[in-house]
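Chain by chain, the residues run as shown.
Number of protein chains: 2
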Amino acid sequence: MKGILYGVSVGPGDPELMTLKAVRTIEHCEAVAAPETRGEKTLALDIARGAADLSGKEVFSVGFPMTRDPKALAANYDAVASQIVQRLEAGKSVAMINLGDVSIYSTFSYVAERVAAQGYEVEIVPGVPSFCAVAAKLGTPLTQRDEPLHVLPASFEDLDAALALRGTKVIMKTGKSLQKTLEAIERAGAIEHTSMVQNCGLANERVCKTVSAADTSSDYFTTILVKEK
Amino acid sequence: MKGILYGVSVGPGDPELMTLKAVRTIEHCEAVAAPETRGEKTLALDIARGAADLSGKEVFSVGFPMTRDPKALAANYDAVASQIVQRLEAGKSVAMINLGDVSIYSTFSYVAERVAAQGYEVEIVPGVPSFCAVAAKLGTPLTQRDEPLHVLPASFEDLDAALALRGTKVIMKTGKSLQKTLEAIERAGAIEHTSMVQNCGLANERVCKTVSAADTSSDYFTTILVKEK
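Those sequence lines, one after another, are chains A and B. FYI, in the working numbering the residues of the first sequence are 132 to 360. FYI, in the working numbering the residues of the second sequence are 132 to 360.
For the record, the hints were derived by calculation from the structure and aren't laboratory data. Keep in mind that a hint or two might mislead.
[Claimed, not checked] List of simulated lysine to any residue pairs, SDA-like, C-alpha gap at most 25 Å:
#1 B:Lys360 / A:Lys340
#2 A:Lys340 / B:Glu252
#3 B:Lys358 / A:Tyr208
#4 A:Lys358 / B:Ser192
#5 A:Lys358 / B:Lys172
#6 B:Lys223 / A:Leu269
#7 B:Lys202 / B:Lys223
#8 B:Lys311 / B:Gln275
#9 B:Lys133 / B:Glu252
#10 B:Lys360 / B:Asp289
#11 B:Lys358 / A:Ser348
#12 B:Lys172 / A:Pro201
#13 B:Lys311 / B:Ala295
#14 A:Lys340 / A:Ala248
#15 A:Lys358 / B:Lys311
#16 A:Lys360 / B:Pro201
#17 B:Lys360 / A:Glu244
#18 A:Lys360 / B:Ala205
[Said to hold, decoys possible] Heads up, incomplete: computed chain B residues facing chain A, CB under 10 Å, no partners named:
#19 Glu147
#20 Ala153
#21 Ser192
#22 Pro257
#23 Val259
#24 Val265
#25 Leu280
#26 Ala334
#27 Asn335
#28 Glu336
#29 Val338
#30 Lys340
#31 Thr341
[What the hints assert, rightly or not] Counterexamples of contact, computed for chain B against chain A with all Cβ distances above 12 Å:
#32 Met132
#33 Ser240
#34 Lys268
Small disclaimer: the values here were computed from a predicted structure and weren't measured. For every residue, glycine included, the Cβ atom is placed at its ideal position computed from N, Cα and C.
Chain A with its partners taken away, still in its complex shape (with noise of 0.2 Å):
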């Protein structure tokens, strides 16, 4: 019997955000493999750590640099695919854990279509996402009535024309570009409709009901929420 490849959302930051069947699936899997990047550090494993019981499992760690070329992108996840392939050939069972929800910007994806293409089973067990967090924590609604929700990566390349657009922006993972991000706000002139969360759920968590442009702190897990005027 061959294993099978779980990717499973583990949330973002409190460990209590875990679904249920998060952390049951965890603790079924015999093997974890626990994303470790510059910007997220050993993040998700912390977090499953708070609520699943690791105990006699492996657990490894499966490096994602920090780079945009795609060939040294491409065969980064192959080497992880093949770290993976290993364990579910040998009859282990893995759960990959994944920071938020699994189907948004993670890297999962491409880590699992090579899984499957190599003939293993592929299972997603959805989660919170950071922004749904974000809202939480901040007291307000994501969407009302008939508006749209539109969820931006801070890289993308047309923040401008985007958040002329009608309903809620959410932006996500700022990091380092969080001036040029709230500049664009300004633009926009949106900035007294602004509100972000650094670090949701974790220790470090700092949360802003409004926000100046003139704002220069700098955190990789910066959410910024942007209501219509």
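Add chain B to chain A, keeping to what the hints say.
Frame of chain A; chain B shown alone:
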């Protein structure tokens, strides 16, 4: 001691997609407010019962008529808020349970602002939105690289313009407007990149990896995913 109102997200359908915090919060409260609507019936309550122990709690229905008349809606929110305030004033904490995530197209915020205005504490427990569960079920990521994600209600007035945006489009709760929505997707030339899940995580779930513009099935809980060409 006055009670606290908790807006608790119970996820899209499968009780196992409730978070640990949602289960703990519901079990902590003396009373549970269960929304009852024409489209959703008592689904949120059925989900909550599937994972949380409600024995000994006061479970009361809060009705939301399916009207768009602002006066009727406001009067209804006032009435629901007063049902809740009655319990809070008696020292009972109330968990108002909500499908999916509380921050996305839920009625909770209208009730919560009224309860908060009367001086009571309100806290929100985020959850798994239906579109994350739908993506997991389809085995497809919602966003990759720098792609934006646009979440739209089926009632959105300018669906054609929204479908022309870059990135992934999620169209929620299409229900009776399924045909109109699929026609708009076909006009946008995107029907081959469209998939759909009806009643995600429920007994009558229907997963459609491909979609025909002629599909006339109508179900309140239909989530459509349109990927970029």
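Structure-based check of each hint:
no.: 1; hint: B:Lys360 / A:Lys340; in the structure: violated, 37 Å
no.: 2; hint: A:Lys340 / B:Glu252; in the structure: holds, 17 Å
no.: 3; hint: B:Lys358 / A:Tyr208; in the structure: holds, 22 Å
no.: 4; hint: A:Lys358 / B:Ser192; in the structure: violated, 31 Å
no.: 5; hint: A:Lys358 / B:Lys172; in the structure: violated, 31 Å
no.: 6; hint: B:Lys223 / A:Leu269; in the structure: holds, 24 Å
no.: 7; hint: B:Lys202 / B:Lys223; in the structure: violated, 30 Å
no.: 8; hint: B:Lys311 / B:Gln275; in the structure: violated, 28 Å
no.: 9; hint: B:Lys133 / B:Glu252; in the structure: holds, 9 Å
no.: 10; hint: B:Lys360 / B:Asp289; in the structure: holds, 20 Å
no.: 11; hint: B:Lys358 / A:Ser348; in the structure: violated, 35 Å
no.: 12; hint: B:Lys172 / A:Pro201; in the structure: violated, 49 Å
no.: 13; hint: B:Lys311 / B:Ala295; in the structure: holds, 16 Å
no.: 14; hint: A:Lys340 / A:Ala248; in the structure: violated, 46 Å
no.: 15; hint: A:Lys358 / B:Lys311; in the structure: violated, 28 Å
no.: 16; hint: A:Lys360 / B:Pro201; in the structure: holds, 20 Å
no.: 17; hint: B:Lys360 / A:Glu244; in the structure: holds, 19 Å
no.: 18; hint: A:Lys360 / B:Ala205; in the structure: holds, 22 Å
no.: 19; hint: Glu147; in the structure: holds, 4 Å
no.: 20; hint: Ala153; in the structure: holds, 9 Å
no.: 21; hint: Ser192; in the structure: violated, 22 Å
no.: 22; hint: Pro257; in the structure: holds, 4 Å
no.: 23; hint: Val259; in the structure: holds, 5 Å
no.: 24; hint: Val265; in the structure: holds, 8 Å
no.: 25; hint: Leu280; in the structure: holds, 4 Å
no.: 26; hint: Ala334; in the structure: violated, 17 Å
no.: 27; hint: Asn335; in the structure: violated, 19 Å
no.: 28; hint: Glu336; in the structure: violated, 14 Å
no.: 29; hint: Val338; in the structure: violated, 13 Å
no.: 30; hint: Lys340; in the structure: violated, 14 Å
no.: 31; hint: Thr341; in the structure: violated, 18 Å
no.: 32; hint: Met132; in the structure: holds, 21 Å
no.: 33; hint: Ser240; in the structure: violated, 4 Å
no.: 34; hint: Lys268; in the structure: violated, 8 Å
Taken one by one, the earlier hints fail for this structure at numbers 1, 4, 5, 7, 8, 11, 12, 14, 15, 21, 26, 27, 28, 29, 30, 31, 33 and 34, listed in ascending order.
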